[in-house]
Each structure stands twice: as C-alpha cells, then as structure tokens.
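**Student:** Let chain F serve as the given structure and place chains U, D and L on it in line with the hints.
Protein chains in written order, with our numbering: chain F, 1 to 275; chain U, 1001 to 1166; chain D, 2001 to 2353; chain L, 3001 to 3324.
Don't read these hints as lab results, they were simulated from the structure. Please note: incorrect hints may appear among the correct ones.
[To be verified] DSSO-like cross-link-like pairs, simulated, lysine-lysine; straight-line CA separation at most 27 Å: (1) L:Lys3234 <-> F:Lys77; (2) L:Lys3048 <-> D:Lys2348; (3) L:Lys3044 <-> L:Lys3077; (4) D:Lys2035 <-> L:Lys3131; (5) F:Lys33 <-> D:Lys2078; (6) L:Lys3120 <-> D:Lys2032; (7) U:Lys1023 <-> D:Lys2035; (8) D:Lys2018 <-> D:Lys2032; (9) L:Lys3120 <-> D:Lys2048; (10) L:Lys3131 <-> L:Lys3120; (11) L:Lys3200 <-> D:Lys2032; (12) D:Lys2048 <-> F:Lys33; (13) D:Lys2048 <-> D:Lys2032; (14) F:Lys215 <-> D:Lys2230; (15) D:Lys2022 <-> D:Lys2134; (16) D:Lys2035 <-> L:Lys3120; (17) F:Lys237 <-> D:Lys2348; (18) L:Lys3120 <-> L:Lys3044; (19) D:Lys2348 <-> L:Lys3120; (20) U:Lys1105 <-> U:Lys1023; (21) L:Lys3077 <-> F:Lys237; (22) L:Lys3065 <-> L:Lys3048; (23) D:Lys2271 <-> F:Lys77; (24) L:Lys3294 <-> U:Lys1105; (25) L:Lys3044 <-> D:Lys2230; (26) L:Lys3065 <-> L:Lys3234; (27) L:Lys3200 <-> U:Lys1105.
[Unchecked claim] Output of the computed footprint for chain L on chain U, the stretches with three or more beta carbons under 8 Å from beta carbons of chain L: (28) 1094-1100; (29) 1116-1130.
Built from N, CA and C at the ideal position, the CB exists for glycine as well.
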Amino acid sequence: MNNNPYLPELATIQEIITETGNIRTLRITLNDKDRMERFTFRPGQVGQISVFGTGESTFVINSPPTRKDYLQFSVMKAGEVTSRIHQLNAGDQVGLRAPLGNGFGFDEMKGHDILFVGGGIGMAPLRTLLLYMIDNRADYGDITVIYGARSPKDMCYTYEFEEWRAGGVNLILTVDAEFPGWKERVGFVPTVLSEVAPSPNNRIAVVCGPPIMIKFVLFGLTELGFEDQQIITTLEKRMKCGIGICGRCNAGSKYVCLDGPVFSYDQIRAMGGEL
Amino acid sequence: MTDSSPRSSAPADQTAANTQGIKIVGFLCNWCSYGGADTAGVCRFKQPTDLRIVRIPCTGRMDPLFVAKSLIYGMDGVLVSGCHPRDCHYAVGNFYARRRMEALKLFLPFMGIDTRRFRYTWVSASEGQQWQKVVTEFSEEIHRLGPNPGVGPRSGENSKISNGLR
Amino acid sequence: MAVKIFIATDRLDSVLEKLSTKIDLWIPALLKDDKSGPTGFVPYEPGKAVAFDRQTTMSLKKVLLPQVETLLRFEYRKEPEGAINSTLAVEDRREARPTLVFGARPCDVRALTTLDRVFSNGPYVDPYYTERRKNTLFATLVCRQTDAKCFCSSVGGGPADMEGSHLRIVRTDDGYIVEALTKEAQSLLDNLGDAPDASREKQAAEIVEEVSRRRVGDLDTEGSAEAFRKRFEQTDYWVQMVSQCLSCGVCTYVCPTCYCFSITDEAENLKGERLRSWDSCMFYHYTLEASGHNPRPTKLERYRNRVGHKFSYIPERYEGLLGCCGCGRCIRSCPVSIDIRQVVGHLKENTNE
Amino acid sequence: MLETDRIQLHKLVEEALPELDMMIGWTESCDPLQTTPVFIRDAKLISKLTLGPFCSQNLAGYLVKPPALESVPKDAKPIGICVKGCDSRSLVALIQEKFISRDRVRIFGIPCRGTIDWRKVAQRVGLSDVKSATVEDDFLVIDASGTTHRIGLEDVLARKCLGCRYPNPIIQDVLVGQVATPRSSSLETTYRDVDALDNKPIEERLAFWQSELDRCIRCYACRNACPLCVCQDKCIAETREPRWLTQRVGLPEKFLFHFIHAMHLAGRCTGCGECERVCPMDIPVTLIKEKLNKIMEEMLGYSAGLDPDGVPPLLTFNPGETEI
Chain F
1 MNNNPYLPEL
11 ATIQEIITET
21 GNIRTLRITL
31 NDKDRMERFT
41 FRPGQVGQIS
51 VFGTGESTFV
61 INSPPTRKDY
71 LQFSVMKAGE
81 VTSRIHQLNA
91 GDQVGLRAPL
101 GNGFGFDEMK
111 GHDILFVGGG
121 IGMAPLRTLL
131 LYMIDNRADY
141 GDITVIYGAR
151 SPKDMCYTYE
161 FEEWRAGGVN
171 LILTVDAEFP
181 GWKERVGFVP
191 TVLSEVAPSP
201 NNRIAVVCGP
211 PIMIKFVLFG
221 LTELGFEDQQ
231 IITTLEKRMK
241 CGIGICGRCN
251 AGSKYVCLDG
261 PVFSYDQIRA
271 MGGEL
Chain U
1001 MTDSSPRSSA
1011 PADQTAANTQ
1021 GIKIVGFLCN
1031 WCSYGGADTA
1041 GVCRFKQPTD
1051 LRIVRIPCTG
1061 RMDPLFVAKS
1071 LIYGMDGVLV
1081 SGCHPRDCHY
1091 AVGNFYARRR
1101 MEALKLFLPF
1111 MGIDTRRFRY
1121 TWVSASEGQQ
1131 WQKVVTEFSE
1141 EIHRLGPNPG
1151 VGPRSGENSK
1161 ISNGLR
Chain D
2001 MAVKIFIATD
2011 RLDSVLEKLS
2021 TKIDLWIPAL
2031 LKDDKSGPTG
2041 FVPYEPGKAV
2051 AFDRQTTMSL
2061 KKVLLPQVET
2071 LLRFEYRKEP
2081 EGAINSTLAV
2091 EDRREARPTL
2101 VFGARPCDVR
2111 ALTTLDRVFS
2121 NGPYVDPYYT
2131 ERRKNTLFAT
2141 LVCRQTDAKC
2151 FCSSVGGGPA
2161 DMEGSHLRIV
2171 RTDDGYIVEA
2181 LTKEAQSLLD
2191 NLGDAPDASR
2201 EKQAAEIVEE
2211 VSRRRVGDLD
2221 TEGSAEAFRK
2231 RFEQTDYWVQ
2241 MVSQCLSCGV
2251 CTYVCPTCYC
2261 FSITDEAENL
2271 KGERLRSWDS
2281 CMFYHYTLEA
2291 SGHNPRPTKL
2301 ERYRNRVGHK
2311 FSYIPERYEG
2321 LLGCCGCGRC
2331 IRSCPVSIDI
2341 RQVVGHLKEN
2351 TNE
Chain L
3001 MLETDRIQLH
3011 KLVEEALPEL
3021 DMMIGWTESC
3031 DPLQTTPVFI
3041 RDAKLISKLT
3051 LGPFCSQNLA
3061 GYLVKPPALE
3071 SVPKDAKPIG
3081 ICVKGCDSRS
3091 LVALIQEKFI
3101 SRDRVRIFGI
3111 PCRGTIDWRK
3121 VAQRVGLSDV
3131 KSATVEDDFL
3141 VIDASGTTHR
3151 IGLEDVLARK
3161 CLGCRYPNPI
3171 IQDVLVGQVA
3181 TPRSSSLETT
3191 YRDVDALDNK
3201 PIEERLAFWQ
3211 SELDRCIRCY
3221 ACRNACPLCV
3231 CQDKCIAETR
3241 EPRWLTQRVG
3251 LPEKFLFHFI
3261 HAMHLAGRCT
3271 GCGECERVCP
3281 MDIPVTLIKE
3291 KLNKIMEEML
3301 GYSAGLDPDG
3311 VPPLLTFNPG
3321 ETEI
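Next comes chain F alone, as it looks inside the complex (with noise of 0.2 Å):
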C-alpha cells in the first residue's frame, strides 16, 4: 500500500455475477498492473471498496490467494454504498484499499478436519478459505460444509458448488422450506449441523451467517463438544477507516477492523457484549 492509508487505488470491475436477488458478485483488478501482480493477501482480510461520490464499505475479498486473476468480492444490498454498487457495471471504477484485517490462521488449521457452517451471504468469507483449501488439499483432512440459505434462490455460488464437491469436499446444502424442484436437504442450519453432527476431533469450525443463525450454531457446536477456541467466525460492525483509527467497530478493547473480523469464539467472548 502507498503510504496514505486512506487512499484507495483504482481498480475496475471486471464481471458482475448476480447471486441472488438482492446479491451481486464483483470481480475487480488493480488498475496497476504491477501491483496486481504483487497483491498478497490471507484468505479472510477485508476490502474497503468505494464508489467515489457516495462512500465505502468493508467486504471480504472472497476468492483465495492462489486464484489472482482477479479479486472478488460478494454485496449484498443493504445501505447507501451496496444499494450504489449494485447500480454499477463491468467496466466502471471504484477505489479498492486492501488487503485489511487479520484474516484466517489457515496454517494453525493445517493437518486438522475442517467443518464450514455458512448462512446465505455468510458464505462469502468461508468461500476464500475453502477454496484456498481446496488449492492445498494434501494439507488437510476431512472439509464437511453445511449451507444454508432461505431456498434456493437465495443461494451463493451454486455455479461452483461441483467444483467445490470434486475438490474433495462434503458440501451438505439446506433451505429453509420445501421448494418445487430441490432435492437436498430442508431445515435450518443449526438442525441440520445436530443431524449431520461431525465429530470435534481435531476439528475446527468456521461460521458465518446472520446473527441468529450464529447464535444457535456456537450453541449446537457446544453441544456437539466443540471447545470455545475451535470455533473460528467473523463478525461485523459499521466501520469507517479500516485501520483501527476511527474508533466506532470496537467491541471491547478490539477493533473488528484491525484485529478482526476473524475470531474465535473465546476471544469473542472476552470482548464482553454489543456485538
């Protein structure tokens, strides 16, 4: 990065993917070429992409770092920046500070089983760590995801899900409610993780999802025997700078900006509440 953290580089949308009806998929290069090439980053740091006139917003940079064709991030449209991001095309600008963030300690994951538990958007993050693990499959054992969505409309990434399954993955897909035509599995994630119930051997497990789904999740894994410190998840919070100056995504003494958004469910706990 130059020497202004809170100058953007340039960068221009490649290909839009619409995910679902409220999701869009950018895939975006540096406009600096040379710096594209030179781009490292941990599956699990964050972008701060701007649409100059309107603001930024924080997302995860979803494909891996051995993938560097382009960058790819996942919008839902929700406020002021995602409701304009959705407005733009291949082709258009915006400003792009990244990499942010801690990431995943994929290496302290090395040699273990891995359990992804992913709720619509919520797959995004868990997406560059699986696919970062499926570039390195030797170095890990058994990948088992469940993810879920409302149905299947609202569904991520199913253009990918094959690729995911022959990179040796246990993918488990749920919706929420029957629907005309869907031939896996039907209920929420929290039931379908108890029904599926991977054993917390050597285990670790990363989720993400909407709050309440994370909350009977932590709650189902605890009763599967899943210690606090092998629960990896992220977490959200409004954020304004990106480099723990701004002082408002803090919970506790930590700021999700700088020393998350990955964390484990022991550190989460000790950060006390207003999550």
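**Tutor:** Frame of chain F; chains U, D and L shown alone:
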C-alpha cells in the same frame, strides 16, 4: 443547487447580463399547477426560462425544508404552487400547506432571508394564462432582486471543491 | 538565540503580531463578544482578544484534527472519444504549515499523547494528523486557573506539566515570561523582547515551583480498567449513573482526547471530496449498521463505551495510556451535569453488590 | 420558604412513591449553580430531591426518551415528575400529540419564580471557582474564590424567565409551594427580544445570525434537550438517505439545521428554553423558536401547551381562513 459561494449583493437595477444565471425552483402540485404550467406550454404562452420545476404529489407534501434548503444554498427564488383551496385532489392537502407556507413566509426575514424570494400561489390545471402571469411576475421580481447572496460560505477551511484536481 | 523573554501585558498583542509573521499562530480567544462567553482556539488576527484567564470552552484539538477536513478529492472525467466509461482521478494533496499554538494549557497538550498514539504510532499512520503534529509547536501556560472540575493530576498530568510543550509561559504580575524549552522553539523568540530582569525571573520561578506542587483533582484511576470490565454487564450501575444523559455530542466535541471521526463523501455532478469529520460515540448513528442492527442502541451502552474507551480500552490497547487528560470540559459543558469523575470513581465501589 | 417547599415535596413524594413506577426530579450536582435530573425508585433517595431556581432542566423530555434500557410495559404504574410552569406546557404538548397519556404521569407542579442562568452569574462574579450558591429571599449568595457575592435574583435569571407568562403549572396532580405571579402578561414583554431583532434592518439580522450560528459545533445538544424534538434518532440532520446535510461546518449547514429544528417546533414549542440553556457555545437558539411562537400567536391565535385537548395549529387547518 451548485455553487453557493456568496455572491456580492447586486445593485438595485439589474442589467440583463448579471441576472443571466438566475435560478428559480418551482414546486408544483401534480394535479393542478403542474397541469397549469403544461396548459401554458401547450397554448404557447411566453414564459421565463429560469424556472426549474419539481413536481410534487400535492402541496401538502411541501416540507418547509425544501424551501429553506433552496434559499440557504443559493437558489435565487422559490415558487410553490398548488390547487386552489377547496380544490385539492386529496381534499385538504393545501389547507395544511397554506398554514405552513404562510408561517415560513413570515419567519424567513427573521433569519435575514429576503422573504420576497419565496412565494406560494394557487393555479389550477386550466389556468394556463394565470400560470404565465404568476411565473412571469415572480421571475421579474427575482431578476429585480438579483442573485441570492446566501447565508455565507460553505466552510471556512476546507471545502472548496473548485480548487480540486489538476 | 533567545531562551527566555519578558512580554509586558500591554505589549502582548504587538508581540503576537510579530510572532504571526514568523509562523502560523493560533491563540485562545473569545468566540462571542462577552467576557464570560464561550472561548476556543482561533488563528491569530491583530487585535483579537486573547482569552488567557481561563481554560477554553473548546479544546485545541481542532488545530491538529479540524472538525471537518478533506481527505481526498475525486473527479470522474468523461472520455472525449464518446466512450461510455469515464476515467477517475483521485488525489490526496495536503499541506501542513509550521504552526504555533500560543497559550495552550498543560491538560490540552497532554491530551495529545493519546492522539499521537492512535494517529501516529501504528500499526497504521494517519498522515493528515501526523504531518500537522510534526509542524506544530506549543507554548503552554503554567496553569493557575484550575477550578472544581479540573482533575489533571488524577490522570498523570499537572498544572505545571510541560511534557510535550516547546515553550513555557508564566503569567507574572505585569506580563508574561516565555521560555523556550526546546531548541527549535528558541529562534521564535528572537527579536520579540528582552530577557526578564532578576526580580521577575524570581517571581516566575516561584510561581512554577508553587504550581508544580499543586495536586489538582482526587480521582483515583488505579484499577479502573478491571473495575470497568466487572461493571460492564451491570445495567443497574449504568442506569444509575447516566440515566439523565441526553445523548448529545457536547462531551465528545469539547473533549481534547475524543478523536473518533466519520468519513463521508460529498459530490456534485462528477466532482467531489471525501471528508473526515468529528463524530461522537454518543450518537445513535455512530454504530448503526446498514442492516438496521445497532450494537449500542441506547445512551447507556453509548455512555458506557465512552467511559470504557477512556479508562479501559485505550489503556488495554496502548500500554496503560489513559484516554483522559483531566481537563474537566465534559463536566463543565454537560447540559445535565454528569460528572465523569463520579462515574469512574464509583466503578470500584462494591463491585460485587 | 424554599426549605418549606422542599420538605413538602419530600412528604408528597414519600406518600406517592409506592404507587409510582419512578419519580423524576432534580438533585444537587457537582456544580453549585445547576442541579442534575434524578430518577428515584428507592424511598431512601427521596431526601435528595430539591427544587428552586437552580432546577433549570425541563424533565418532561425524559418521559419520551426513557432513561432505562427496557421499554415501559403498558400496565406499568405511573411515573411521577416535577414540573415548573414551562415544563408543564411541554407535558401538555406531549399529551396533545399522544406521546404520553395523562394517566401515565403523576404531576408534581412547582410554581416557579425563575431559574438561574449560570452564564449571567459568571458575568458578575467572573469565571472563578464558585464554591457554593444559595438563595436568600430575592438574592443569590455566592461564595467564589473566598469572596461572598450577593446578587439580585432578577439580574441572573434565564432570558426566557424574564418574559414568562406561565410560571405556574398548567396541569398538575399536586401543587408544591405558593402560586407565583407571572412576570409578563403581554406579547410585547414576552417577545421583547424577538421584536428587538425584528426592528433591525434585514442585513443586520442576517449578520447577527451569521455570527451567532457560526459558533455552532453541531453537537445537537439543543435537539436532544428539547422535549418536543421527538424524531430523535431519525433526525434529518444525521440521516444519510435522504441526505439533507453534509458533515461540513459551513454556515449553510448550520442555518439549515437550526431552521428545520425551529420549523419542526412551530406551534409546538412551549418556550422552555432548554435548547438555549444547553448550548455549549451560548447561541440564542430559543430566540429562533420564539419568533415562530409569536407568528403562531399572531397568525393563528395559538400558544402551545396550554390545552391538553387542543391540536397544534400546523397539524390541523381551517378552510375558512382565506386571509392567510
């Protein structure tokens, strides 16, 4: 609303040259005055060109905020026009508006804003000629008043966009 | 090079005028034509009334962290050849000019240690603050106007504390003795006045000596961080302490160590700016997420966060540093007379109750 | 006399507290010239309640901006509240607009002889350290920096008090102390400051507000202290969608904010003066609302907060008023 930097208050008799950039915003109710302006256009009545029209569903939608923001940020005049009282499409919208607009009109000068820059009036959809009269008179009045000096610069220190890039 | 000069009271303005030709000069001044009205730091103008007789209403943080400043300018340019895509240019031009704040107070200067840690000492360095900071000198008054709301000695400072200051100002019976404390400050005093005579110098030394001995405030902050963590979940405590809070931004805006800010874009047509502006953790919108979720939805969580930030989070993050300089402004300006000393002081009482 | 009233208040609250969810009143603060609001559930704290000219805060706002985290259940016991004349008008306005129902409040009405403006005290005794302040008859006795000052109360009353027409509560369940005499009975006296500014040329009015509003730091204390500013977290000053105001600190932002603040209170403002009292930059923001109050009285014959069954004039209309 673009440039709001303070313009020197103009002398009383304005020449055509220094009132060229005059901007007037008109908030017109959809059912009557917008139709009235349309009628005036269809009848090819000659109208001043410095009015920018914002169509609102009813003068009952008129928030004094719209007028205040326009005048504070340097619009030279604000005209609000709706259905004649008792003719409101929604029965009572303009009755509410009337009280609000009158209060605003009396309030503006207290803050140092020339109340002549704001006018509210009633014009029905068939009154093309009336519309022509209203808008011509208001425009002439604003041209007489000259550019709106505004309430002051946007920021003492940092906000001049004009000295930006290049 | 002058090390120490005497300025007679009636010559102060002419000396400041001379000084302002050497360097950008900020002084504490009346903001309203009322001798007991609000005061703050303003760029020097000849004839402007200096307000040396009391602590300013607004702190000097705006010299280094303006209430609003431009971080970036951007402009979309249409390609001349009719291409649909416009090009985008972004720049972060900034300028920090040599500046002197004449008439700071020890508490205000001490507050900068918190800001320095946050803005300049990583992991990321804020170039806007840091460049201004490097270019700014402080001439600090030995403070003899402490009142019942001051508590600088409780948080590591003191009314004669010159840490971080470049010049010391001592107000004597008939004027001011200004002494350069660092090399870089000495040249500023050249040709501004004569060295003080022996009797004045003696008086100044006595004043410094006397003020140095003063202990201002009796808040004991030892162990506040742990006590805060224990109190964190005790809603009753916070209900009792801050029910009267109005959730306005006064305490944070007058506070010299409150630095939290917002970043917003403002554009007109194809051009615009990215602005940084003061924000306040007392505001609902501060933490409101796009989803509608707000982790600090009421004033209780918000006030708790302010106390926690100053007395627990900052110390925990930054090697024991406190986020409070004891200036007492938040107490003085609070519309409902909330006293942060009580809130912090009671943290440790009967925690197990 | 104050002491008698205080004892009477304590006694009345003591009797009432078992039937109350909570009692909202004033208590002494770290500042001898100002009280702080207090919320009492525990009978032991009743003795801390105080009244008198230092009780400047209008407590009515707390009824719509609850102090506790949890929202009050529908069947909860009534809340007791101390109100001065002007505060009671805010309460009436809140009842009119159905933000609070009359039977949810137990009103302890306190006739008011004016509240003290600490700034006026500072003008007289300097800004040196005020150690203690007491009221003796019509005098304020101040001990500051070792000197005792005796100041006539009239000289240090808040600006709004000087033109007060309603020192006695408009509604109450119990009255504490003796009925007070209004200081003003005419629009001329009440709106003296408004007229003074109105009599100046328009350029001077603009210059006046430019110099006053320039000091605004946009802390929104005036808004948050206002009992009738009920939009609170949805205020147009902070919403980004739609974005009415930027974060800039130029005069247009400040003008627009105060303009809207006042317009939203047209026909609702009861002139309690809280906005002006809480302003850390000493901007006469109540004056803006006073002008609108005057307009409402002259144009529509309406004065806010006097009739619990009335309707604020901008929330209703009269088809017949063709002259406006």
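**Student:** Take the hints in turn and mark each one as holding or not.
**Tutor:** Cross-check of the supplied hints:
A C-alpha spacing of about 21 Å is found between L:Lys3234 and F:Lys77, which places the hinted pair at or below 27 Å, so the restraint holds. About 23 Å separates the Cα atoms of L:Lys3048 and D:Lys2348, which keeps this hinted pair within 27 Å; it holds. Distance check on the hinted pair: L:Lys3044 and L:Lys3077 sit about 19 Å apart at the alpha-carbon level, within 27 Å; holds. Taking the CA atoms of D:Lys2035 and L:Lys3131, the gap is about 21 Å. The hint holds against a cut of 27 Å.
Restraint check for F:Lys33 and D:Lys2078: the C-alpha separation of about 23 Å stays at or below 27 Å, so the hint holds. A threshold of 27 Å between alpha carbons decides the hint, and for L:Lys3120 with D:Lys2032 the separation of about 14 Å falls inside it, so the pair holds. Proximity of U:Lys1023 to D:Lys2035 is assessed by CA-CA distance (about 43 Å); at most 27 Å being required, the pair is judged violated. For the hint linking D:Lys2018 to D:Lys2032, the alpha-carbon distance of about 25 Å falls within 27 Å, and the restraint holds.
Among the hinted pairs, L:Lys3120 with D:Lys2048 is consistent with the structure: their alpha-carbon atoms are about 23 Å apart, no more than 27 Å. For the hint linking L:Lys3131 to L:Lys3120, the alpha-carbon distance of about 16 Å falls within 27 Å, and the restraint holds. A hinted pair counts as satisfied when its Cα atoms are at most 27 Å apart, and L:Lys3200 with D:Lys2032 qualifies at roughly 20 Å. A C-alpha spacing of about 55 Å is found between D:Lys2048 and F:Lys33, which places the hinted pair above 27 Å, so the restraint is violated.
Distance check on the hinted pair: D:Lys2048 and D:Lys2032 sit about 11 Å apart at the alpha-carbon level, within 27 Å; holds. Proposed proximity of F:Lys215 and D:Lys2230 is supported: the alpha carbons are some 24 Å apart, at most 27 Å. Distance hint between D:Lys2022 and D:Lys2134 is fulfilled; the C-alpha atoms sit about 17 Å from each other, no more than 27 Å. Between D:Lys2035 and L:Lys3120, the direct Cα distance comes to roughly 11 Å. Compliance with the 27 Å bound is thereby established for this hinted pair.
Proposed proximity of F:Lys237 and D:Lys2348 is contradicted: the alpha carbons are some 30 Å apart, above 27 Å. Between L:Lys3120 and L:Lys3044, the direct Cα distance comes to roughly 35 Å. Violation of the 27 Å bound is thereby established for this hinted pair. Under the criterion of a C-alpha separation no larger than 27 Å, the hint pairing D:Lys2348 with L:Lys3120 is inconsistent with the structure, at around 38 Å. Distance restraint check for U:Lys1105 and U:Lys1023: the Cα-Cα separation of roughly 19 Å lies within the 27 Å cut-off, and the hinted pair is therefore satisfied.
For the given pair, L:Lys3077 sits about 38 Å from F:Lys237 by alpha-carbon distance, which is inconsistent with the 27 Å threshold. At roughly 23 Å between alpha-carbon atoms, L:Lys3065 and L:Lys3048 fall within 27 Å of each other, so this suggested pair holds. Distance hint between D:Lys2271 and F:Lys77 is fulfilled; the C-alpha atoms sit about 25 Å from each other, no more than 27 Å. For a cut-off of 27 Å, the pair hint linking L:Lys3294 to U:Lys1105 stands: about 13 Å separates their Cα positions.
Distance check on the hinted pair: L:Lys3044 and D:Lys2230 sit about 26 Å apart at the alpha-carbon level, within 27 Å; holds. For the given pair, L:Lys3065 sits about 13 Å from L:Lys3234 by alpha-carbon distance, which is consistent with the 27 Å threshold. Only pairs whose Cα atoms come within 27 Å are accepted, and L:Lys3200 paired with U:Lys1105 is accepted, the gap being roughly 18 Å. Under the rule that three or more residues need a Cβ within less than 8 Å of chain L, the assignment of the stretch 1094-1100 of chain U holds, with 5 such residues.
Given a C-beta distance limit of less than 8 Å, the hint that chain L covers the stretch 1116-1130 of chain U is violated, as 0 residues qualify and 3 are needed.
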